[in-house]
Amino acid sequence: MKSEIAARKAAGQDWLRAVPGPLHAWLVPIAIVALWQIAGGLGWISATLLPTPLTIAKQFVSLGLSGELWEHFQISILRALSGFVLGGLTGLALGLSTGLGKMAERTLDPSLQMLRTVPLLSLIPLFILWFGIGEFSKILMISLGAFFPMYVNTFLGIRSVDVKLYDVSRIFQYSKLQLVIRLIIPAALPNILLGIRLSLGVSWLVLVVAEMMGTSAGIGYMIQDARAYSQTDIVFVGIIIFAIVGKLSDSVVRLLESKLLRWRETYKG
Amino acid sequence: MYGMVSGMSADTLIIEQVNKIFQAPTGNVMALKGIDLRVRKGEFITLIGPSGCGKSTLLKIVAGLDTSYEGNVLLNDKPVSGPSIEKGFIFQEPRLFPWLTVEKNIAGNLSLKQAAVRKKVDEFIELVRLQGFEKAYPRELSGGMAQRVAIARALLRNPDVLLLDEPFGALDAFTRSHMQEVLLDIWQNNRTTMLFVTHDLDEAVFLGERVVIMNPRPGHIRSILPIDLPFPRKRTGSSFQELRTKVLREFEKVEEPEFDTGAGI
Ligand SMILES: Nc1ncnc2c1ncn2[C@@H]1O[C@H](COP(=O)(O)OP(=O)(O)OP(=O)(O)O)[C@@H](O)[C@H]1O
Ligand SMILES: [Mg+2]
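These protein sequence lines map, in sequence, to chains G and Y. So for the first sequence, the working numbering puts the first residue at 2; every next one is plus one. So for the second sequence, the working numbering puts the first residue at 273; every next one is plus one.
So here's chain Y without its partners, still in its complex pose:
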């Protein structure tokens, strides 16, 4: 059905029949089963699903951080063989280098002595509203501030595909909505392909062109809902609320098999 929207050649990211099994001493866990997803270049996909349904696992596979899985993952027609800067990743936790200051964390292996780098780093520090904390160490930051540093660090590298694992989970409502605007700006200016995992229904509908709803045990895609609303979106609009309800209804269907004790944990 979505093949209409995404013609074969326009798909930048193709996930085909991906299965993932974790081998643990307590037994094997099937984390992903038969995942199929095609993402157009520049498309904004939001992924939503209950905890433990394999969202992070899927993102890590797409990033090339995890290469032990069945199936195919193609990025621009080439199989993903490992991590790279073109596939930006914002982790569920900030993962800052504790011995580097905020600005050096953002710069990473780029030298702040170069004027262009300096300018860009300052620009992104301002974007995530951390002016004044350039020289602070991660231990001096709150959880939300640290996460914003991680966001700036990923955005600065201007990746083709940005994989975001609940990036705004630790932010307060104000900062969160600001960061959503920032992300949408960057998306529209740079045509970055976005794969955005969230727990927040509003966020999924506000950001995504399509919302992918996942089911746990084993993790699989339950349904994919297109959100045909123009940007910028208004959360208070009636069509937004309608779509939100639609996703919620799908989501509630997902929650049902929670009681079944399959191959969990």
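If we strip away everything but chain G, and leave its shape as in the complex, we get:
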């Protein structure tokens, strides 16, 4: 009975075994792209609404070769990174201070928590009024977006330090600095890394919005500009770039996590 079920199960998965393991995740996307290409090639869908994957790929290559793509890309990356670094570092610094100090917590945290509830995108008109639509305004907006995930998670990480380990470091007479370096930062690291990941994600999101609100360069601008001329294939190229970079930056942090948090014992599903 049991072996029969096992055999049937095995037969069901036979075709899957023929495909190498790492490709399993790609089966569905490949099938969709293939269908899309066929449908587009047969003229079932309008090329202006949904260009075929092949057209998009060609556009990708030609934009890449002309150097135009690289130019937009550089500017976007620079914006996103400066915003992320600025906001992330401020978030880390303020998270550390409110996490470590009762005084800072009492005076600073309530205001920050209040600000946090304001939807960031609703502030865009205000930013444009105050700072115009220049670089400064964009980077400030991105850093504001990157600030909160970093701040909240750093604070949370510090406050989740185990009191039992704190007692051990008291017995060892750790200095204030040693306490921070040897206990608090390592213990808060999982949360800090999570903060970095979320911050990166938000930076990327705000970047797109910021670049669409008016500028003359950047991937967001490229998309906006192409839309005006109904060059849907370029819109797709832009979206794909955003997706790839977003995924890559996330993977970098994940890699960092697996290196730095090797000591952790967690449920892996």
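The reader is advised that the hints may include incorrect statements.
[As the list claims (entries may be wrong)] With the Cβ distance kept under 10 Å, some of the chain G side facing chain Y (calculated, not the full set):
(1) L166
(2) D168
(3) Q174
(4) L262
By construction, these hints were calculated from the structure, which means they are not laboratory data. For each residue, glycine too, the CB sits at the ideal point set by N, CA and C.
Chain G is already provided as a structure; the job is to place chain Y with the ligands on it using the hints.
Quick look at chain Y with the ligands alone, frame taken from chain G:
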């Protein structure tokens, strides 16, 4: 009666009329009441008593980890105001830093790059029989192995007073008896004052020069029995068994008021 053994000036640790009340939303718990204990320098005291009678609480007060209590605790004639390296502590749980390897946990804030530290750490790793696990993380250790790391970590710092909260509870019988020998060696070589909490009657009699028997609700000292046996002791000897029975009898008297529902939990 024990004043004879411990002359006033020779007492390194003095616990005087210590009361401790835990304030909890469900009501206050009197964890310790009128604790009086004087410990000579280099003396080995074992503390035994049923679960919840305040043994850990007392140890934490002596360590300076808990400073909200009534009464006096003096170490070398000075009131205990906070934790320090001179008062070593082996907790009931290993409490290792999960992000540090075994050797780094033992070294703590000492640098393994220093040859002297390196040598000492290796020495203690060997003493607790963990060779080969120097680079392992705590999650890779069994409960007993982790506890041995915690023991090595405390012993390495060679404290004046060592407070041990059921340190060998998680060890198997073999390792336990080995660790008892190690502890006795260190005690005799370094003249460390030991305050050793245990649940194990044999262990209390095997290690202690005096056995302190505690009673719960509220936690107080029921009696203190001297164990006048020379070291090394033999568990199988008739005098050992006699003393063991004597302590057991005291202990059984302690167990009686278990039924009375006082200010528990
Ligand atoms: N942080 C706390 N808050 C409130 N009550 C506490 C706290 N810690 C201990 N108690 C209470 O104090 C009493 C003594 O606890 P303690 O941990 O000292 O017992 P113990 O003798 O070490 O027990 P065990 O042998 O099980 O370790 C218990 O009744 C417990 O409920
Ligand atoms: Mg206890």
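The hints, checked one at a time:
no., hint, verdict
1, L166, "holds (6 Å)"
2, D168, "holds (5 Å)"
3, Q174, "holds (5 Å)"
4, L262, "holds (8 Å)"
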